[in-house]
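**Q** Note that the protein sequences, when read in sequence, are chains A and B. So for the first sequence, our numbering puts the first residue at 320; every next one is plus one. So for the second sequence, our numbering puts the first residue at 320; every next one is plus one.
Keep in mind the hints are simulated off the structure, nothing from the lab. Even for Gly, the Cβ is constructed at its ideal location relative to N, Cα and C. No false leads were slipped in.
Residues from chain B shown here face chain A by an in silico Cβ test under 10 Å; the list is partial:
hint: 1; residue: V408
hint: 2; residue: A436
hint: 3; residue: K522
hint: 4; residue: I710
Covered stretches of chain B, going by a simulated chain A footprint (3 or more residues, C-beta under 8 Å):
hint: 5; stretch: 665–677
hint: 6; stretch: 725–735
No more than 35 Å apart at the CA atoms, straight line, and that leaves these computed lysine-lysine pairs for DSBU-like:
hint: 7; chain 1: A; residue 1: K405; chain 2: A; residue 2: K439
hint: 8; chain 1: B; residue 1: K439; chain 2: A; residue 2: K648
hint: 9; chain 1: A; residue 1: K357; chain 2: B; residue 2: K350
hint: 10; chain 1: A; residue 1: K743; chain 2: B; residue 2: K402
hint: 11; chain 1: B; residue 1: K439; chain 2: A; residue 2: K329
hint: 12; chain 1: B; residue 1: K713; chain 2: A; residue 2: K630
There are 2 protein chains.
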Amino acid sequence: MKKIYNPEPKTWSEILKRPTQSFEDTQEIVKQVFNEVKRKGDRAVSKYTSYFDGIILNTMEVSEAEIDYAATLLSDELKEAIKLAKANVEKFHLAQITEKVKVETVEGVLCWQEKRAIQKVGLYIPGGSAPLFSTVLMLAIPAKIAGCKEVILCTPPDRNATIDPAILYAASLCGITKIYKVGGIQAIAAMTFGTKTIDKVYKIFGPGNQFVTTAKQYASQNGVAIDMPAGPSELLVYADETAIPSFVASDLLSQAEHGKDSQVVLVTTSEELLEAVEKEIYLQIEQLPRKEIAKVAIENSKLILMQTEKKALKLINEYGPEHFIICAKNEDYFIENVENAGSIFIGNYTPESAGDYASGTNHTLPTNGFSKSYNGVNLDSFLKAMTFQKISKKGIQNIGKAIELMAEAEGLEAHKNAVSIRLKTLKNE
Amino acid sequence: MKKIYNPEPKTWSEILKRPTQSFEDTQEIVKQVFNEVKRKGDRAVSKYTSYFDGIILNTMEVSEAEIDYAATLLSDELKEAIKLAKANVEKFHLAQITEKVKVETVEGVLCWQEKRAIQKVGLYIPGGSAPLFSTVLMLAIPAKIAGCKEVILCTPPDRNATIDPAILYAASLCGITKIYKVGGIQAIAAMTFGTKTIDKVYKIFGPGNQFVTTAKQYASQNGVAIDMPAGPSELLVYADETAIPSFVASDLLSQAEHGKDSQVVLVTTSEELLEAVEKEIYLQIEQLPRKEIAKVAIENSKLILMQTEKKALKLINEYGPEHFIICAKNEDYFIENVENAGSIFIGNYTPESAGDYASGTNHTLPTNGFSKSYNGVNLDSFLKAMTFQKISKKGIQNIGKAIELMAEAEGLEAHKNAVSIRLKTLKNE
Numbered sequence: 320m321k322k323i324y325n326p327e328p329k330t331w332s333e334i335l336k337r338p339t340q341s342f343e344d345t346q347e348i349v350k351q352v353f354n355e356v357k358r359k360g361d362r363a364v365s366k367y368t369s370y371f372d373g374i375i376l377n378t379m380e381v382s383e384a385e386i387d388y389a390a391t392l393l394s395d396e397l398k399e400a401i402k403l404a405k406a407n408v409e410k411f412h413l414a415q416i417t418e419k420v421k422v423e424t425v426e427g428v429l430c431w432q433e434k435r436a437i438q439k440v441g442l443y444i445p446g447g448s449a450p451l452f453s454t455v456l457m458l459a460i461p462a463k464i465a466g467c468k469e470v471i472l473c474t475p476p477d478r479n480a481t482i483d484p485a486i487l488y489a490a491s492l493c494g495i496t497k498i499y500k501v502g503g504i505q506a507i508a509a510m511t512f513g514t515k516t517i518d519k520v521y522k523i524f525g526p527g528n529q530f531v532t533t534a535k536q537y538a539s540q541n542g543v544a545i546d547m548p549a550g551p552s553e554l555l556v557y558a559d560e561t562a563i564p565s566f567v568a569s570d571l572l573s574q575a576e577h578g579k580d581s582q583v584v585l586v587t588t589s590e591e592l593l594e595a596v597e598k599e600i601y602l603q604i605e606q607l608p609r610k611e612i613a614k615v616a617i618e619n620s621k622l623i624l625m626q627t628e629k630k631a632l633k634l635i636n637e638y639g640p641e642h643f644i645i646c647a648k649n650e651d652y653f654i655e656n657v658e659n660a661g662s663i664f665i666g667n668y669t670p671e672s673a674g675d676y677a678s679g680t681n682h683t684l685p686t687n688g689f690s691k692s693y694n695g696v697n698l699d700s701f702l703k704a705m706t707f708q709k710i711s712k713k714g715i716q717n718i719g720k721a722i723e724l725m726a727e728a729e730g731l732e733a734h735k736n737a738v739s740i741r742l743k744t745l746k747n748e
Numbered sequence: 320m321k322k323i324y325n326p327e328p329k330t331w332s333e334i335l336k337r338p339t340q341s342f343e344d345t346q347e348i349v350k351q352v353f354n355e356v357k358r359k360g361d362r363a364v365s366k367y368t369s370y371f372d373g374i375i376l377n378t379m380e381v382s383e384a385e386i387d388y389a390a391t392l393l394s395d396e397l398k399e400a401i402k403l404a405k406a407n408v409e410k411f412h413l414a415q416i417t418e419k420v421k422v423e424t425v426e427g428v429l430c431w432q433e434k435r436a437i438q439k440v441g442l443y444i445p446g447g448s449a450p451l452f453s454t455v456l457m458l459a460i461p462a463k464i465a466g467c468k469e470v471i472l473c474t475p476p477d478r479n480a481t482i483d484p485a486i487l488y489a490a491s492l493c494g495i496t497k498i499y500k501v502g503g504i505q506a507i508a509a510m511t512f513g514t515k516t517i518d519k520v521y522k523i524f525g526p527g528n529q530f531v532t533t534a535k536q537y538a539s540q541n542g543v544a545i546d547m548p549a550g551p552s553e554l555l556v557y558a559d560e561t562a563i564p565s566f567v568a569s570d571l572l573s574q575a576e577h578g579k580d581s582q583v584v585l586v587t588t589s590e591e592l593l594e595a596v597e598k599e600i601y602l603q604i605e606q607l608p609r610k611e612i613a614k615v616a617i618e619n620s621k622l623i624l625m626q627t628e629k630k631a632l633k634l635i636n637e638y639g640p641e642h643f644i645i646c647a648k649n650e651d652y653f654i655e656n657v658e659n660a661g662s663i664f665i666g667n668y669t670p671e672s673a674g675d676y677a678s679g680t681n682h683t684l685p686t687n688g689f690s691k692s693y694n695g696v697n698l699d700s701f702l703k704a705m706t707f708q709k710i711s712k713k714g715i716q717n718i719g720k721a722i723e724l725m726a727e728a729e730g731l732e733a734h735k736n737a738v739s740i741r742l743k744t745l746k747n748e
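Here chain A stands alone, though its shape is the one from the complex (with noise of 0.2 Å):
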């Protein structure tokens, strides 16, 4: 592990470098498949779910009888686990509901706002080695509370055509019955595109690979909206002395395991804490299924020690973490000053895991510095806000002449034309 002791803030940017992702492989087959899925559309995504699935599939579409199958090959326990975690989730994005926003600006102008469901949305679920069954529920469950109209959700088959039992379990759950045995980037562009099988939606949600991340991109320069840039997930603790080492180790470690190119950055202002932590991590890493992938990320990881919290908190911002656990005495102080971040973890025991499964906040978030400009996925992410004005007589009388005067000084004289016209006829009235 890489320790640092109180770098120079023009060191810092060097220091907290993410790894530089190169997408220009990508591109290539990525137009290659949106080509052929836009002319061709599901011979095309056969096609490539052949090709990169290795599998034939008769149907696409997961029938009921696979759903219902799929509940009864989990346990109970994991069915009252997810079913925990789904009431979380569902409290605290309930929670977020907003009123509509009414103003009468003057006398006569009365405007509102108010949040309407995106009605197509498309949520995409990697499968591979960790079927991500939690993100279904992260991403089903504010999109039913928003009233999307279409959810759908594709994930890719496995060699058996068949989809991992609890992705299937949680996506009932929340209400979905529209799901796709169709992944990686011939999903993404089913979903811009539209094909007789699989709709054309407005925004498409979801985690991925590399190809998944840049077909998401091109899916946004087609006219669909996406939820967030994606990047390697990160966790940045911030831990004094009050800290207990060994839960340090294992919230750094739980963020080491996700890939080789996690972030996992630890820093203090305690040298004993800093010390105690590194001795953890060798220890716990030993008994790690995921080792190979977690001494990967952990050897690039990064134990930083800083003089002062001030000083701290100004390079834990200047980061900007998709995951940010305080475990401090002067906690605080960090809750009400951090700017950038996307979720925050505080004290001892909430592990950064708590909030991946069943705390209830969501854990779709911006990785790669993004929390300096976008939140991760919540409710609103499922709506529009909508403006709404009306104007009476009286109202129109007290704002026309300042359009007027605004739109003529902006060169704009129809803008102007369409107020005159009618002060012209109260006036005659």
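With chain A held as given, fit chain B onto it using these hints.
**A** Okay, now just chain B, sitting in the frame of chain A:
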């Protein structure tokens, strides 16, 4: 004008097609300017200001004296109009402030969501024939309410190295003091990478021509967020026999004068109204100073007769207009059921230009069908929602088992372990 009677749904997408914009030819020059500004900073910015704007500046930043002088150049009437507009926009955006959302999802698991300002934002205001000082209000006011620490404004200088005084006055009125005489691609590039003079920002807002639009796409590929994809402005009016034809015509024309590629659509269930509006347009258009522009837009515009309100609404939702005027006796039906529109104007005395300037709503809105997935700029555009969670010993005991089970089922042992180590400690307490 194109008159279309009771079109079949399968023809709608063709009828409602927007002109396709090609950005192919802007790519090369945008790439070049970006690369050069990234490497050479201010020197490159100056070079391209000289190249595109035909002017060599001694200093890019607008001085305090210039700002003060600008105010003396405007009539008191116009200044009062701008102040009224500011007051209304401020009222409506202040009302959008949301409270902290706080929920104890299960005993001991406290989750909350809090919105914090995007710390550094850049506003882009186009120059050219129409100095859009109203856009300064629409962007600067919510930025200030949100509490963005650094708000900078870039706008191109004219041949005399000056900025339109109304732009400077509006900016200053909103408390913006960092104003740079830099426009076009080089302005977006400077705010993306930062130069010695112009700071790097986290999010860029504002309209612009094709070059600016492509430059904003490049910015977003370089880690800077943008407000939304931009396209030519649009207006769709739904009017029935209760609408006043001359008012409707004036609104359609106010949109048409924006540019030759402006989109203007009338949808109605009354053939009589359709004919009357057409007649009025040809009467009014001759009076407009920008009639050459308006005529081209009007030639491409559509007057569509629909058999029923239900069908009309369906067509409108399929189009997803940026601006949507409703002048109908059944206005409530349209208000309640419109799914896709940026800003909605209701009744005979609510011209679209009211929203452009002074009603209080924002005029930076999604075009090109993006109202299906995006909202216009609002207070939240300058904030990001961050989530927090604080779990007590009791709390982790309540949800710990569920996390362990789910993490295990996803094959993420270290995620499980971060909980197990805590539960074990508590058991031994």
